[in-house]
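**Student:** Residue strings, one per chain:
There are 2 protein chains.
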Amino acid sequence: MARYIEKLTPVSEALRLLKERVSPIEEWFDAPVWEANGMVLARDVHAPIDWPPRDRSAYDGYAVRSVDTPGRLKLVGSATIGSIPAIRLGPGEAAYVTTGGFLPEGADAVVPEENASVEGGHVIIDQRVEPGSYVDKRGSLVSKGQLVAKRGTVLTVLDIAGLVESAITEVPVYRRVKIAIVSTGNELIYPGEPAWTAREILSGKVVATTGAVLAQYLQDYVPWAELVHEALLPDDLEAVSWTVERLLPHADIILVTGGTGPSTIDLFYRLRDKLGGELVFRGLKVVGGKPTSAYIVDGKPVIGLSGYPISALHGFIRLVYPLLIHMGNVRRPAPPLPIVWAVLASRVEPKRPRPIKVRLRVENGRIVAEPLPWKYQKSSAGIGLVMADGLALTGEEPLEPGSLVPVLLYRAPAGWRPPIP
Amino acid sequence: MARYIEKLTPVSEALRLLKERVSPIEEWFDAPVWEANGMVLARDVHAPIDWPPRDRSAYDGYAVRSVDTPGRLKLVGSATIGSIPAIRLGPGEAAYVTTGGFLPEGADAVVPEENASVEGGHVIIDQRVEPGSYVDKRGSLVSKGQLVAKRGTVLTVLDIAGLVESAITEVPVYRRVKIAIVSTGNELIYPGEPAWTAREILSGKVVATTGAVLAQYLQDYVPWAELVHEALLPDDLEAVSWTVERLLPHADIILVTGGTGPSTIDLFYRLRDKLGGELVFRGLKVVGGKPTSAYIVDGKPVIGLSGYPISALHGFIRLVYPLLIHMGNVRRPAPPLPIVWAVLASRVEPKRPRPIKVRLRVENGRIVAEPLPWKYQKSSAGIGLVMADGLALTGEEPLEPGSLVPVLLYRAPAGWRPPIP
Chain H
9 MARYIEKLTP
19 VSEALRLLKE
29 RVSPIEEWFD
39 APVWEANGMV
49 LARDVHAPID
59 WPPRDRSAYD
69 GYAVRSVDTP
79 GRLKLVGSAT
89 IGSIPAIRLG
99 PGEAAYVTTG
109 GFLPEGADAV
119 VPEENASVEG
129 GHVIIDQRVE
139 PGSYVDKRGS
149 LVSKGQLVAK
159 RGTVLTVLDI
169 AGLVESAITE
179 VPVYRRVKIA
189 IVSTGNELIY
199 PGEPAWTARE
209 ILSGKVVATT
219 GAVLAQYLQD
229 YVPWAELVHE
239 ALLPDDLEAV
249 SWTVERLLPH
259 ADIILVTGGT
269 GPSTIDLFYR
279 LRDKLGGELV
289 FRGLKVVGGK
299 PTSAYIVDGK
309 PVIGLSGYPI
319 SALHGFIRLV
329 YPLLIHMGNV
339 RRPAPPLPIV
349 WAVLASRVEP
359 KRPRPIKVRL
369 RVENGRIVAE
379 PLPWKYQKSS
389 AGIGLVMADG
399 LALTGEEPLE
409 PGSLVPVLLY
419 RAPAGWRPPI
429 P
Chain S
9 MARYIEKLTP
19 VSEALRLLKE
29 RVSPIEEWFD
39 APVWEANGMV
49 LARDVHAPID
59 WPPRDRSAYD
69 GYAVRSVDTP
79 GRLKLVGSAT
89 IGSIPAIRLG
99 PGEAAYVTTG
109 GFLPEGADAV
119 VPEENASVEG
129 GHVIIDQRVE
139 PGSYVDKRGS
149 LVSKGQLVAK
159 RGTVLTVLDI
169 AGLVESAITE
179 VPVYRRVKIA
189 IVSTGNELIY
199 PGEPAWTARE
209 ILSGKVVATT
219 GAVLAQYLQD
229 YVPWAELVHE
239 ALLPDDLEAV
249 SWTVERLLPH
259 ADIILVTGGT
269 GPSTIDLFYR
279 LRDKLGGELV
289 FRGLKVVGGK
299 PTSAYIVDGK
309 PVIGLSGYPI
319 SALHGFIRLV
329 YPLLIHMGNV
339 RRPAPPLPIV
349 WAVLASRVEP
359 KRPRPIKVRL
369 RVENGRIVAE
379 PLPWKYQKSS
389 AGIGLVMADG
399 LALTGEEPLE
409 PGSLVPVLLY
419 RAPAGWRPPI
429 P
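Going down the list, the sequences are from chains H and S. Per the working numbering: the first sequence = residues 9 to 429. Per the working numbering: the second sequence = residues 9 to 429.
Looking at chain H on its own, in the form it has when it is part of the complex (with noise of 0.2 Å):
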């Protein structure tokens, strides 16, 4: 009797029991920039050149020397972007030059086309131009040797975008961390023909979406891991045991979600005395925590998940997400997660950290956070999900109406826009 409950363990401390037994990720690359999207850079980036290489035009008009101005100005040739241009201005000359293009020799200032008129070939400038007017001097923005990026930053598409103007093609980055996920279940099928799956499920079967949820997880807001492997297998241990086995020598991390059940929990308890290793913990202390538990094999983690979505997601956001920080070496996690503050509107008692299905509407330009009917808080009242917006995320104690809680968004909450000015 009661065998599974045991001492649940609370989630720093079976954090911090994995992040002491697990390395981060030690090996990594230099690679193009444009392929470095969602990785961690594993070295500070310093500037290779100073930038702009040459002074720039910064607006479209023309290359003038600053002591010919006011005059009336040759025109040459022009400097558009895109090269290096070939001419070079003499005493009383000028060039035409578009935004960004290199400044042609011997020109040191630019002159916007609205101010200034073209007659035949010659261009008039009636006023004075100061040098360096419109123009981005050589090392302006970046001295060579200047520190960019930081280690540990996970670059996202706009860094890759200002990295690569500025000359910078090659990055130090980790190796993604390996991941993958083995959904266990007897009830559990793979989704098929509509009505032949609607049968299935009318007759106690379970379509497999608990995988689905973390890989979409994992894909929106871990780009610095990936999806190695899935696996959908029954609650058999040596069938478990064995395909753990064989992914153990090509993921870093190993997510088995099922064991919803105290009596399916026991799988994966019996799936470290198969595969040996150290039992890191055993039951979180969460609502819906009993099946996530972690041993580790071969310097590997190995974590169990509830097979039910949302308890999953919970486990993942708690304790798998943090530690996806610590294995890929994150300082400045990118994208961030889509954890919002909302105002709660009524009380919740959750006694243990537990996510919330709530639904948010917009009052006030405060979201406001409204919990599900009691009955579909439930691990396994799906349905709920679909219903709710987001889900709040608890600790402990009582939460009065008003208060301040944060909720891990999965859509817009209602009569939102963003607030653009």
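Some hints could be false.
The list makes no distinction among identical chains, and a pair is therefore deemed to hold if it is satisfied within one copy or across any two copies.
The calculated BS3-like cross-link candidates involving lysine-lysine, where the alpha carbons are at most 30 Å apart (straight line), are [what the hints assert, rightly or not]:
#1 186 with 27
#2 15 with 27
#3 293 with 386
#4 145 with 383
#5 359 with 152
#6 82 with 186
#7 145 with 27
#8 213 with 145
#9 293 with 145
#10 386 with 359
#11 282 with 359
It should be emphasised that the hints constitute simulated quantities derived from the structure, not laboratory data. Note that the structure is a prediction, hence the values are computed from the model and not measured.
Given chain H's structure and the hints, the job is docking chain S onto it.
**Tutor:** Positioned in the frame of chain H, the structure of chain S alone reads:
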């Protein structure tokens, strides 16, 4: 002179003009739920059956007839999740059940495993059990015909998990909005071997990254759209119009990037003369918005955006994203755009709506946005994107230190951890 300085159109006006002229997608079809990730519901979805479809056990334990409790009951079998139990309980009989499994006929309550003991082939239950105890009754979560999801909802992976769990295996969805991106610029190159690419950049070439930025934001935040074509072209009116003509039959909207200076902005305007159609607006009243323009050909918007990544993204967030919400029939977008309120650390005078590159940090639980120095604010200062963490989106009015400003986050603020208790 000043041929391009016309009356710029405010964002709200530009958006109104576009919405009036562009029809939302009408085509819809029934899709298997698991293939509808990111798609938009075309009709309200009602439950096809009661859920659960039969009484289910809410716990691992023993299914009993409550009238038999307390008592010593004969264990006649087990009913685990995954099938409809073949057994039927008679008087004085019990069956082992697991969480989520259907109750055998005759049973009306479940006794948790830890509240019972087993002796030989019998289960001993000491206390009286109420009918319905630890049972999820048929229809207790959803009644047949009940509205479970509304038209205009973008389906997330959690919605899919919830729907399919409830035997809703097919949903009516709009087809995705088809987008083509055409990047133009004589200076543009494809990136290749890093050293070669760096040399090309130093000679004035520019790696085409703006299209990649737009593609990433489409992928991350507009799952109801699909990128059907990407093209890279010189600033050549014939080449661009030839390509746009060929894309028009296959896309619902075409984004043309390029034209960062007045001379190349003209290319987009002349494109309209080639293709015909109605000019909607010419120049958006935001900083960097002069190249942002739109016309309608064959009922389809062709939208010109800046060639600079940050300005193109700004036009995308302000104009294209809301237009795609309209075109996609979206009422509840998912995932939400990562826009948060931050406290501005220093004064800004934007004059027109603009994206301000900001570094973010957390102070006393609030996100503080520190604008990068002025020289990094130029659209052409791409390295500023690497130094920043997000883009503050301003209106026209000056903003004092301490004011709240919306920030499009592209990475987590320094010192940030999700506020999970």
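**Student:** Which of the numbered hints above does this structure break?
**Tutor:** Hints 5, 6, 7 and 11 not satisfied by this model.
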